Amino acid sequence: MGSKKKKHARKKPSSGADSDAITPSQAASPKLPGLGNDFVLNLFLLIAVLVVAIQLFHYASGARFFTDECCHAIIARHASRISFPVVIPELFTEMRNVQPPLLHATSGVAAAVFGESAFKYMNVIFLLLATAGGYFLIRRYAGLGAARIAILVPLTCPLVYQYALRFYQEEITFACTTFAGILLYAAAREPSRWRMAAVTGAVLGLTVLAKQSGLVFFGVVGALGFLAFPFFRLGRRGDFLRILVLGGFMLLFALPFLLKNLIAFGSPFYPMIFSKVPYPEYAKLFLLTFGVQKERLFTGLASVTGPVFLLSAVFAFIVFASSVWRRRPERSVIILWIALFVCSLGFILGPGGSPRHWIALIPFVAVLAAVGLAKAFSEKRIVLDVITGVLIIYVCIIALDLPDYRSGAVHAARGENSQPALWLRFPRIDSTMNPQATGFNASNRWDPVISALKTKTTGDDLILSVWAYTPAYHARRRVTWPDPSSPKSPVALFETKLKAGKTIENAESIEDYAVAQYAPDRPERLTAAFREHGITVVILDISRCRAPGEPPTAVSYPHFMWYSLFRLRMEGKVIPLYNDFRSRKVNGRLEPVYFRDQFGRPRPMPGTNNPFILLDIRKK
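Residue numbers for the sequence shown follow our numbering, beginning at 1 and rising by one.
Keep in mind that the hints are not guaranteed to be accurate.
Okay, derived cross-link-like pairs now, BS3-like style, lysine-lysine, Cα gap no bigger than 30 Å in a straight line [as the list claims (entries may be wrong)]:
1) Lys585 / Lys573
2) Lys456 / Lys488
3) Lys454 / Lys573
4) Lys488 / Lys454
Okay, the calculated beta carbon distance ranges per label pair [as the list claims (entries may be wrong)]:
5) Leu46 / Phe226: 25 to 35 Å
6) Ile82 / Arg189: 14 to 24 Å
7) Leu46 / Ile82: 30 to 40 Å
8) Phe226 / Ser407: 47 to 57 Å
9) Leu252 / Thr553: 40 to 50 Å
10) Gly600 / Phe298: 49 to 59 Å
11) Asp597 / Leu259: 42 to 52 Å
12) Phe290 / Asp597: 11 to 21 Å
13) Ser543 / Val109: 17 to 27 Å
14) Phe290 / Lys380: 44 to 54 Å
Bear in mind the hints are in silico, worked out from the structure with no lab data behind them. Small disclaimer: the values here were computed from a predicted structure and weren't measured. Don't be surprised by glycine CBs; every beta carbon is placed ideally from N, CA and C.
Please construct the entire structure, taking both the sequences and the accompanying hints into account.
Set out below in structure tokens:
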């Protein structure tokens, strides 16, 4: 017995050199004050995220929805009543509801419990869910160091903050692709890959339900299946079948939405980008008005993602290229790069592209950069901790310096592209990216217009406005506008016919357009056309009234339209419900007074400082 105890004692570590030996993980984590201590770093990371959350919730509380936000709020209002109408009843154009339902369904549930005020906070919640969920998932599959960096990189991007404060579909898409990117990475590493393939496919299906641009992930799955096909011998045994499972679950989750669109509208996809629309030429004008030229797309992308994201993308590419050069690329990283490449190609080649659609790719770059950094400094953990600490400080500075995009309370010295000092400053790319002086909120100049609509019109009236969603949501009135994808849209009232041989793409000036169908010297024809469409009230926005000789855009009032209404007003044939034109006599005839807007373009001057004029055209 004694010998056994003695023998057993010899197996215990001695107090010599062996007892002082440390494991590789201990060697990689020197416990230096403020740097190597995981608890301290996690504490400061939590503080940074809390600062971001407090700022965003504070700014979101002052949200007053405007334009497309109102459209999403209208659909979410129906969803709160467990209704998903094929045609949006508030928009008398018979506008077809082709919007993916995930944002509206989740917001509808929140509205049913907390009221419609919950809409304002939905995207802040989605950002925090993506941050917290992404942290724990990446920590499981790539380690603690990678997890910290992967959630900090997106929090340095202006795009993420702007759409956390807007009731658009971008932020929920960001949340879905955060989980999708991590699961794609994990699917190549998880031993039980069949289950992981099914879960990843389900999340990718939810991405399609979040935003139409999520359709590019069908291309990602197709590319992965092509490369894993047994003929090419690029995948492991069973990979092709696992990708089939992934694609099957993705289709299973997305199929009800795609079938609904196919049955109701003849196409499973967004109809405006295809030829089967009632007004194809006006649809092209829409894409030209709201799309971003391809040559400006990348400067816009740099502006809305920021320097940390760009450096992360460059570093991730260098690490990947180095591993390929050494013929040791990690399989899961290859999958993410394939996804990134296919999605980027889809966004570049797709019509109506905008930098905001690239928010779906931010998590992919963040995961690739985080995994690359964690592997590059696996033996020098202190370097990784220093990088994490710098990013935490950077995110805190950004959060404390974050402009209130909702109310427009931005630093005047920064000008139109009002970004915090640490972000890149490029010229404003399009109206959906960087706020102008009024911010993202509906201006208080809408207050008297909404009040007049509520008190001087009834539910039987039909209002014409290029800002259709705003009065439809806030005043709860039926509204119509020139929507090229809607059968009953009054596009004919706005169209200026092109001359023979001219198209929307090659029309360069007003000379390329034929005489308008409703000439300004025949205003009665225009009012008759209004009545044919059932329109009883018109909201004119002076800033959207085109000058003579100015080429048309998708959401503006042509010169012949507003000038005809001016003539009818001067003759007493239409009644102002709010505001009026300012006029003067020229050669014995009343003509509008013009002023020049901030771009030097002539616009008719209203009677007050408010740019909106509300006209009742029911008078015979």
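To see whether the hints hold, each was checked on the structure:
| no. | hint | verdict |
| --- | --- | --- |
| 1 | Lys585 / Lys573 | holds (19 Å) |
| 2 | Lys456 / Lys488 | holds (25 Å) |
| 3 | Lys454 / Lys573 | holds (23 Å) |
| 4 | Lys488 / Lys454 | holds (24 Å) |
| 5 | Leu46 / Phe226: 25 to 35 Å | violated (43 Å) |
| 6 | Ile82 / Arg189: 14 to 24 Å | violated (41 Å) |
| 7 | Leu46 / Ile82: 30 to 40 Å | holds (38 Å) |
| 8 | Phe226 / Ser407: 47 to 57 Å | holds (49 Å) |
| 9 | Leu252 / Thr553: 40 to 50 Å | holds (41 Å) |
| 10 | Gly600 / Phe298: 49 to 59 Å | violated (29 Å) |
| 11 | Asp597 / Leu259: 42 to 52 Å | holds (46 Å) |
| 12 | Phe290 / Asp597: 11 to 21 Å | holds (20 Å) |
| 13 | Ser543 / Val109: 17 to 27 Å | violated (37 Å) |
| 14 | Phe290 / Lys380: 44 to 54 Å | holds (48 Å) |
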